[in-house]
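We have chain A already, so just place chain B on it with the hints.
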Amino acid sequence: MIDVSALTIKYTGRKRPILRDLSLQVPQGQTLLILGASGSGKSSLALTFNGLIPHSIGEVLGGQVRVAGADTQQTSVAQLAQRVGILFQDPDAQFATLTVEDEIVFGLENLCLDPAQMEARLETALSQVGMLHARHRPVYALSGGEKQRIALAALLAMQPEVLVFDEPTANLDSVGTQQVFALLAQLKARGQHTLILIEHKLDELMHLVDRVLVLDSEGQIFADGAPREIFDRYAAELQEMGVWTPQVCMLAQELRLAGHVLPSFPVTIGEAVKVLAPLLAAHPAQSASSAPPTNASPRSSVYSIRDLSFHYGDIPALHNVSMEISQGDFLAIVGPNGAGKSTLARHLIGLLDPPAGTVFLSERDIHALEPRRLAEQVAYVFQNPEHQFVTERVEDEVAYGLRVAGLDEALVAEQSRQLLDTFGLARYARANPFTLSHGEKRRLSVAAMLAVGQQTLILDEPTFGQDERNAAALMALLRALNAQGKTIIMITHDMRLVAEAADKVAVILEGRLEFFGQPAALFAQEDLLARAHLNLPPLARLAALMATQYPHMQGWSTLQDYQTLTQMVRV
Amino acid sequence: MRMVYLQGESFLHKLNPLSKFLVNMALFTFMLFTSDPWTPLVFIVLTVLVLLILGKIPLMRLAKILAPLALIAVLFLLMYPLAVRQSLVDHTPLLWQWGPLRVYQGGISYAISTALRILALLTLSLPFSLTTDSADFIRALVQQWRLPYRVGYSVLAAFGFVPLLQSEVSVISAAHRVRGVHAAAGWRGAYERLRRYAVPLLTGAIRQAERTALTMDGRAFGALPARTYFRRMQFFPADWLFITGSLVASLLLVLVLQYFGLLGDLSLLKIL
Numbered sequence: 001m002i003d004v005s006a007l008t009i010k011y012t013g014r015k016r017p018i019l020r021d022l023s024l025q026v027p028q029g030q031t032l033l034i035l036g037a038s039g040s041g042k043s044s045l046a047l048t049f050n051g052l053i054p055h056s057i058g059e060v061l062g063g064q065v066r067v068a069g070a071d072t073q074q075t076s077v078a079q080l081a082q083r084v085g086i087l088f089q090d091p092d093a094q095f096a097t098l099t100v101e102d103e104i105v106f107g108l109e110n111l112c113l114d115p116a117q118m119e120a121r122l123e124t125a126l127s128q129v130g131m132l133h134a135r136h137r138p139v140y141a142l143s144g145g146e147k148q149r150i151a152l153a154a155l156l157a158m159q160p161e162v163l164v165f166d167e168p169t170a171n172l173d174s175v176g177t178q179q180v181f182a183l184l185a186q187l188k189a190r191g192q193h194t195l196i197l198i199e200h201k202l203d204e205l206m207h208l209v210d211r212v213l214v215l216d217s218e219g220q221i222f223a224d225g226a227p228r229e230i231f232d233r234y235a236a237e238l239q240e241m242g243v244w245t246p247q248v249c250m251l252a253q254e255l256r257l258a259g260h261v262l263p264s265f266p267v268t269i270g271e272a273v274k275v276l277a278p279l280l281a282a283h284p285a286q287s288a289s290s291a292p293p294t295n296a297s298p299r300s301s302v303y304s305i306r307d308l309s310f311h312y313g314d315i316p317a318l319h320n321v322s323m324e325i326s327q328g329d330f331l332a333i334v335g336p337n338g339a340g341k342s343t344l345a346r347h348l349i350g351l352l353d354p355p356a357g358t359v360f361l362s363e364r365d366i367h368a369l370e371p372r373r374l375a376e377q378v379a380y381v382f383q384n385p386e387h388q389f390v391t392e393r394v395e396d397e398v399a400y401g402l403r404v405a406g407l408d409e410a411l412v413a414e415q416s417r418q419l420l421d422t423f424g425l426a427r428y429a430r431a432n433p434f435t436l437s438h439g440e441k442r443r444l445s446v447a448a449m450l451a452v453g454q455q456t457l458i459l460d461e462p463t464f465g466q467d468e469r470n471a472a473a474l475m476a477l478l479r480a481l482n483a484q485g486k487t488i489i490m491i492t493h494d495m496r497l498v499a500e501a502a503d504k505v506a507v508i509l510e511g512r513l514e515f516f517g518q519p520a521a522l523f524a525q526e527d528l529l530a531r532a533h534l535n536l537p538p539l540a541r542l543a544a545l546m547a548t549q550y551p552h553m554q555g556w557s558t559l560q561d562y563q564t565l566t567q568m569v570r571v
Numbered sequence: 572m573r574m575v576y577l578q579g580e581s582f583l584h585k586l587n588p589l590s591k592f593l594v595n596m597a598l599f600t601f602m603l604f605t606s607d608p609w610t611p612l613v614f615i616v617l618t619v620l621v622l623l624i625l626g627k628i629p630l631m632r633l634a635k636i637l638a639p640l641a642l643i644a645v646l647f648l649l650m651y652p653l654a655v656r657q658s659l660v661d662h663t664p665l666l667w668q669w670g671p672l673r674v675y676q677g678g679i680s681y682a683i684s685t686a687l688r689i690l691a692l693l694t695l696s697l698p699f700s701l702t703t704d705s706a707d708f709i710r711a712l713v714q715q716w717r718l719p720y721r722v723g724y725s726v727l728a729a730f731g732f733v734p735l736l737q738s739e740v741s742v743i744s745a746a747h748r749v750r751g752v753h754a755a756a757g758w759r760g761a762y763e764r765l766r767r768y769a770v771p772l773l774t775g776a777i778r779q780a781e782r783t784a785l786t787m788d789g790r791a792f793g794a795l796p797a798r799t800y801f802r803r804m805q806f807f808p809a810d811w812l813f814i815t816g817s818l819v820a821s822l823l824l825v826l827v828l829q830y831f832g833l834l835g836d837l838s839l840l841k842i843l
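Taken in sequence, the protein lines are chains A and B.
The opening position of the first sequence corresponds to residue 1 in the working numbering, with each subsequent residue numbered one higher.
The opening position of the second sequence corresponds to residue 572 in the working numbering, with each subsequent residue numbered one higher.
Derived by calculation from the structure, the hints in this document are not laboratory data.
Idealized CB from N, CA, C, for every residue including glycine.
Be aware that a few hints might be false.
Stated by the list, open to error - Below, computed lysine to aspartate or glutamate pairings styled on EDC-like, alpha-carbon distance capped at 20 Å:
| no. | chain 1 | residue 1 | chain 2 | residue 2 |
| --- | --- | --- | --- | --- |
| 1 | A | Lys10 | A | Asp71 |
| 2 | B | Lys585 | A | Glu101 |
| 3 | A | Lys15 | A | Glu218 |
| 4 | A | Lys274 | A | Glu229 |
| 5 | B | Lys627 | B | Glu580 |
| 6 | A | Lys10 | B | Glu781 |
Claimed, not checked - If you want a taste of the chain A side facing chain B, the calculated C-beta under 7 Å gives, among others:
| no. | residue |
| --- | --- |
| 7 | Gln73 |
| 8 | Ala78 |
| 9 | Gln94 |
| 10 | Phe95 |
| 11 | Thr97 |
| 12 | Asn110 |
| 13 | Leu111 |
| 14 | Pro115 |
| 15 | Met118 |
| 16 | Tyr140 |
| 17 | Ser143 |
| 18 | Val390 |
Said to hold, decoys possible - Derived coverage of chain A by chain B (criterion: at least 3 residues anywhere in the stretch with Cβ under 8 Å from a Cβ of chain B; other residues may be distant):
| no. | segment |
| --- | --- |
| 19 | 52–65 |
| 20 | 85–93 |
| 21 | 99–107 |
| 22 | 145–159 |
| 23 | 169–182 |
| 24 | 391–404 |
Okay, chain A solo, but in the shape it has when bound (with noise of 0.2 Å):
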């Protein structure tokens, strides 16, 4: 279906190929999952495939691709449309009409189809994704998950024979991404797509993948094969290059390095199973060697929030709400979008102001606390980095805040230098902050934030949109600060983080704090989960459908939890 060979490409105005002589060939009906670090040219390649590159930019330097036997440099954008689409990542930049409607059939226009023709085939790609009843509605008042949904009916009204799915839930809540990959399953079972696939919420869709294809940060290939081989042969180099791996790859790798004799090597959940289960059955349940760490001194309470309710004009907001945040915590609030969550946090930081008596810091109201005070306690990074950056060096960036707080130009010079050394900037001191990369734009903002030594950090889905080593990076981060006692309160969608970072969790749905406290504690309620749209990371789902037989596996849900089964052998 796909032929590409000897592929060079690169972008105008970029010294370096993106792509670099590469070849590759997908055969009809193949699901193809690519993997690769950021800027490996993932991307790239599969925008050769419908030949907006080279039509609409970049520039092939050598070689070429077919697509079913047609030289897309030499085929028209038109009739590259009715073979390939391409669902990008963000659900708002692929519109362009205003409704659910126009979209679907504004590519079929394009085409100069007879709008009879049109009639049908709206309906089917509206059905194929379970939109039918959005037909009339105005394409911005749909969730992001809706968003997808409709831009993936906009793709198969046109009929293409190979889909890409560019990373499509990359920017989406839980409910968003459980209804993509739902769809991504129903076009697999129903086999009549070429399904090229660039994700990293592996574990989600394993099962579906019939090859994977590993790109190199040279734009080269590294790896191609049947996903067994890949990540079984190349767990170690898929790490270290920043690429993903299942999560079930990583624990069976582990295993393997505690000496375990595994039968076959897992990639999805259900494998993963029947791996583990002669292991637990072979040895027996041991008692848990780690119990929960008590907390034995009584901490300070950062925050106390006390029945807050909120309305926005006549729209509820949040209901009662009441938790009490101690020093040194690091919780995550979870929830669909729209549940709560951020107006929750903006409470806390005075950008919405809270009754009198409802939300206090350090046993102060902060009603009554000056915005200033506020502010030298708590800090809050919001999910853009860029919408924080007030000045155009990165040095003035972290220093803002610190002349704010009135410190002398002396004092200021140092402690941002500390700072940006601290961080991994200092090179960049003299930088404008927008040149940055998307990661150092992440570390710079909460330095910036972090520039009076407040004690608290507030991160409104610090992960949004960043790759995984940034991501990973950000996270080592957070969990550095929190052991120097910082507490950390984090908005997040990754419950993965949730089971690896937090120690506490708190799920708002509607308005309604529906539950606080350890994390295993919540991955036990599959009712909440469930009514709230959370997927259980994916270990804690393999501990969960184990746990019927072994008991004792209940609430595992991290590598460290599996430790008591790496260590049986050893012991």
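The following block gives chain B in isolation, referenced to the frame of chain A:
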């Protein structure tokens, strides 16, 4: 545009956007030439009736929309007598004087007709703007008046950005407040704020526009010289009825005003 468009199923809503646009432009142009207070007043009343009856706009909604427009007119009414060139009106009785400020009777009557004319010009645009979906208007422009479709659809895609940019601005403003940015009051503060918002807004918007362009290209936008349309825009009998009806009725009204001697001079540049 979306900000003022009120969804509905009325006679006005169902008309072709272009017929509303034509009538709007014709009356608007005529109104520019009037100089008396009566013609604008009559057309304001007529337009309000059309909005209520043919457009089925709820009375309270309409009142809320008209209130700020009326306020603009009132401001004119208050300022105009002071701003008008003295030589034009100093032959009329002097009503009030305070130092060098003089208000003549002539100034007041100029002010009244100007304020009403401004209110009429604003009101006349409402049947079009309150009942027309911007997407339909662009579709009609492209299909019937040969606006190049590449231009039309670029505008449409840009409309999609408006709510995004709005939310972007409010987030940026919150983010800056959290950082302790306090803009100075007045023009300087406004300028500083604009400068600080511009870079993040522009980077976001450009990135967004690039992505949108790619998804449009990916669906064969602009690949062929022509395109077809699922919803064909055309003039129906109701449109012809609306256009001729409005124009004939307006003409009759003007003749009646003329008959009673209420229609003043018609001139574009009134007080030169």
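Item to check | Violating hint indices (sorted, rising) | outcome: 7, 17, 23
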